[in-house]
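Asker: This is what each chain is made of:
There are 2 protein chains.
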Amino acid sequence: MPTPAKLLAGVELGGTKCVCILGTGPDDVRALERLPTADREETLLHIENVLERWRAQHGAPRALGIASFGPVDLRVGSPTYGFITTTPKPGWRDTDVAQRLGRRLGIPVGVDTDVNGAALAERRWGAAKGLDDFAYVTVGTGIGVGTIVRGESIFGMNHTELGHIRVARKPGDAFAGVCSFHGDCIEGLASGPAIEARAGMPASQLPPDHPTWDFVAHGLGQLMHIMVLSTAPQRIFLGGGVMCGQAHLFDRVRHELKRSLNGYVEAPELGQGLPQFIAPPGLGEMAGPLGALAVAAEAEVRSQAMGAATTAASR
Amino acid sequence: MPTPAKLLAGVELGGTKCVCILGTGPDDVRALERLPTADREETLLHIENVLERWRAQHGAPRALGIASFGPVDLRVGSPTYGFITTTPKPGWRDTDVAQRLGRRLGIPVGVDTDVNGAALAERRWGAAKGLDDFAYVTVGTGIGVGTIVRGESIFGMNHTELGHIRVARKPGDAFAGVCSFHGDCIEGLASGPAIEARAGMPASQLPPDHPTWDFVAHGLGQLMHIMVLSTAPQRIFLGGGVMCGQAHLFDRVRHELKRSLNGYVEAPELGQGLPQFIAPPGLGEMAGPLGALAVAAEAEVRSQAMGAATTAASR
Numbered sequence: 001m002p003t004p005a006k007l008l009a010g011v012e013l014g015g016t017k018c019v020c021i022l023g024t025g026p027d028d029v030r031a032l033e034r035l036p037t038a039d040r041e042e043t044l045l046h047i048e049n050v051l052e053r054w055r056a057q058h059g060a061p062r063a064l065g066i067a068s069f070g071p072v073d074l075r076v077g078s079p080t081y082g083f084i085t086t087t088p089k090p091g092w093r094d095t096d097v098a099q100r101l102g103r104r105l106g107i108p109v110g111v112d113t114d115v116n117g118a119a120l121a122e123r124r125w126g127a128a129k130g131l132d133d134f135a136y137v138t139v140g141t142g143i144g145v146g147t148i149v150r151g152e153s154i155f156g157m158n159h160t161e162l163g164h165i166r167v168a169r170k171p172g173d174a175f176a177g178v179c180s181f182h183g184d185c186i187e188g189l190a191s192g193p194a195i196e197a198r199a200g201m202p203a204s205q206l207p208p209d210h211p212t213w214d215f216v217a218h219g220l221g222q223l224m225h226i227m228v229l230s231t232a233p234q235r236i237f238l239g240g241g242v243m244c245g246q247a248h249l250f251d252r253v254r255h256e257l258k259r260s261l262n263g264y265v266e267a268p269e270l271g272q273g274l275p276q277f278i279a280p281p282g283l284g285e286m287a288g289p290l291g292a293l294a295v296a297a298e299a300e301v302r303s304q305a306m307g308a309a310t311t312a313a314s315r
Numbered sequence: 001m002p003t004p005a006k007l008l009a010g011v012e013l014g015g016t017k018c019v020c021i022l023g024t025g026p027d028d029v030r031a032l033e034r035l036p037t038a039d040r041e042e043t044l045l046h047i048e049n050v051l052e053r054w055r056a057q058h059g060a061p062r063a064l065g066i067a068s069f070g071p072v073d074l075r076v077g078s079p080t081y082g083f084i085t086t087t088p089k090p091g092w093r094d095t096d097v098a099q100r101l102g103r104r105l106g107i108p109v110g111v112d113t114d115v116n117g118a119a120l121a122e123r124r125w126g127a128a129k130g131l132d133d134f135a136y137v138t139v140g141t142g143i144g145v146g147t148i149v150r151g152e153s154i155f156g157m158n159h160t161e162l163g164h165i166r167v168a169r170k171p172g173d174a175f176a177g178v179c180s181f182h183g184d185c186i187e188g189l190a191s192g193p194a195i196e197a198r199a200g201m202p203a204s205q206l207p208p209d210h211p212t213w214d215f216v217a218h219g220l221g222q223l224m225h226i227m228v229l230s231t232a233p234q235r236i237f238l239g240g241g242v243m244c245g246q247a248h249l250f251d252r253v254r255h256e257l258k259r260s261l262n263g264y265v266e267a268p269e270l271g272q273g274l275p276q277f278i279a280p281p282g283l284g285e286m287a288g289p290l291g292a293l294a295v296a297a298e299a300e301v302r303s304q305a306m307g308a309a310t311t312a313a314s315r
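Here the protein sequences come in this chain order: A and B.
Take the first sequence: its position 253, counting from 1, is numbered 253 in this note's numbering, and each next residue is one higher.
Take the second sequence: its position 258, counting from 1, is numbered 258 in this note's numbering, and each next residue is one higher.
Calculated directly from the structure, the hints in this document are not laboratory data.
Each hint should be verified, as a subset may be incorrect.
Identical copies go unnamed one by one, so any copy, or any two together, can satisfy a pair.
[As the list claims (entries may be wrong)] The calculated BS3-like cross-link candidates involving lysine-lysine, where the alpha carbons are at most 27 Å apart (straight line), are: (1) Lys258 with Lys129; (2) Lys170 with Lys258; (3) Lys258 with Lys89; (4) Lys89 with Lys170; (5) Lys89 with Lys17; (6) Lys6 with Lys258; (7) Lys129 with Lys89.
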């Protein structure tokens with residue numbers, strides 16, 4: 001009989017909604033609860049109540065994972081570790097999430113960005129199984145990129161946040177962009193709200209031949225060009241609300257990538273393998289909440305390793 | 001008495017010259033020889049002769065490191081592993097370097113890009129000591145970026161090659177660019193040859209108030225913006241021929257980075273620490289050849305680990 005998997009809890013903290021989840025993986029979700037991301041104190045109290053109710057019902061989880069919108073401070077040892085920092089979301093600037101929830105539950109807590117979490121979930125349970133170097137891109141309310149290098153998310157001076165890079169504009173594209181920080185960064189040019197501002201209607205209502213898609217495909221192609229040359233993922237999973245139901249967009253983005261690289265990188269991924277190289281993710285709408293569980297699973301492993309090291313040292 | 005360091009050999013394969021090096025580090029270079037990168041067969045024979053002469057004089061090195069201009073195939077197990085692939089350099093397309101030199105010398109061979117090698121050398125012996133996540137940028141005949149994540153260079157579907165990304169252009173900059181693949185990628189816009197094409201004179205002769213520097217600083221600032229959000233280095237070392245003697249350019253690049261990020265990332269590195277965040281490398285012109293030695297050192301460690309694993313498995 002296989003070892004029973006460890007019970008984990010997760011919180012996906014999104015810009016408009018939070019999802020609390022309890023379980024061991026996609027086939028064993030014991031509880032899931034959605035709540036709006038509203039007033040910050042109210043929201044955090046709501047999350048705490050959900051997690052404590054679950055603990056009473058299901059027993060204590062081994063670890064909690066938080067997969068959060070960013071920017072979030074992930075510098076271990078920083079006094080504001082696990083805080084949401086410079087978000088434009090009203091009332092949420094400089095908000096302690098991880099330290100507060102960790103104190104409340106008394107279990108190991110891991111934090112990562114929502115997109116890094118989703119990428120880790122795709123690797124553990126979804127379309128990225130067996131891949132050590134890949135990326136997960138979501139194009140929705142914002143544009144987010146989770147980047148995995150040698151099996152882990154990247155953390156240097158900060159977490160990565162590739163949705164806010166500026167890209168070369170398509171000639172003739174004079175749209176000012178909608179990002180409150182950068183105007184025409186890629187999120188400002190090609191996210192759901194950007195498409196709606198460009199076209200005067202939501203992305204889901206745009207026909208495939210609407211000219212706005214040309215600008216969106218160009219921008220996403222430039223993002224992929226930069227990803228290929230900056231971390232060289234083995235695959236790029238491209239999901240999120242804007243991609244849903246827009247099958248034509250995948251081919252356009254692949255075409256724009258290939259055109260822009262212009263033969264500079266020779267690899268099977270950019271030739272015959274291109275349809276697999278840029279492809280939809282595997283977990284669909286569950287990637288976000290399962291991302292929080294994946295972050296919890298990594299925190300649990302780290303905490304075990306630290307515990308083992310401490311035990312060994314004290315012998 | 002400390003263990004004597006292991007003798008290593010390296011070849012920095014550059015677009016215009018190659019440097020062969022023998023030693024254990026910057027304070028113990030036993031031999032160094034420069035030769036032009038000319039006809040490919042002639043050049044490779046010349047390198048083989050140098051390495052064999054040194055072996056006769058100094059004994060066999062423990063490993064050979066090759067730090068090469070790119071693109072180079074670094075996919076372990078690929079039939080063209082260690083080949084230079086799509087280079088625009090005449091006569092060098094699809095050239096076996098690593099397999100050939102490895103067979104000739106019969107020692108472990110490591111290969112990486114020239115800039116990844118230089119970054120690893122800076123970490124081992126130079127300005128990046130103690131850093132696990134950083135980047136090394138050279139602005140010279142081309143623009144190259146070596147990126148280190150958790151102490152190692154990145155390798156996914158390919159090595160990274162950030163000098164060939166397209167960036168957002170400075171308004172009013174209509175220069176077509178000089179890259180033979182991409183025209184106005186960052187190498188095409190801001191490398192030494194690009195500056196000379198823009199200004200009609202070499203970068204070294206341009207006064208600090210020449211308007212060309214505005215375009216160069218803007219382009220490099222965009223590159224740094226993308227680096228901060230793609231791999232979030234703890235420091236970026238900015239060197240190469242164009243940067244030499246252009247102290248003003250460092251401040252301009254820092255300014256462009258800060259202006260472009262527009263407060264989105266809050267980190268000491270982008271505030272008071274900015275002068276240290278973007279700073280010159282430590283090894284100067286020796287970064288390239290020492291990069292080849294650093295690649296050799298990593299190959300030697302890997303080969304020891306594999307040997308140990310093999311020994312353990314055969315017990």
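Asker: State for each hint whether it applies.
Answerer: Comparing the hints with the structure gives:
1. Taking CA atoms no more than 27 Å apart as the test, Lys258 paired with Lys129 passes inside one copy only; the shortest distance there is 25 Å, against 38 Å between copies.
2. When the C-alpha separation of Lys170 and Lys258 is checked against a cutoff of 27 Å, the pair qualifies both within a copy, at 15 Å, and between copies, at 25 Å.
3. Proximity of Lys258 to Lys89 under the C-alpha cut-off of 27 Å is restricted to the inter-copy arrangement: shortest distance 22 Å between copies versus 36 Å within a copy.
4. In this homomeric assembly, Lys89 and Lys170 never come within 27 Å of each other (Cα to Cα): the closest approach is 29 Å inside a single copy and 30 Å across copies.
5. For the homomeric pair Lys89 and Lys17, the shortest alpha-carbon distance inside one copy (12 Å) is at most 27 Å, but the shortest distance between copies (53 Å) is not.
6. For the identical chains of this complex, Lys6 and Lys258 are neighbours neither inside a copy (43 Å) nor across copies (44 Å), given an alpha-carbon limit of 27 Å.
7. In the homo-oligomer, the alpha carbons of Lys129 and Lys89 never lie at most 27 Å apart, since the shortest distance is 34 Å inside one protomer and 38 Å across protomers.
Against the hints set out earlier in the document, violations occur for numbers 4, 6, 7.
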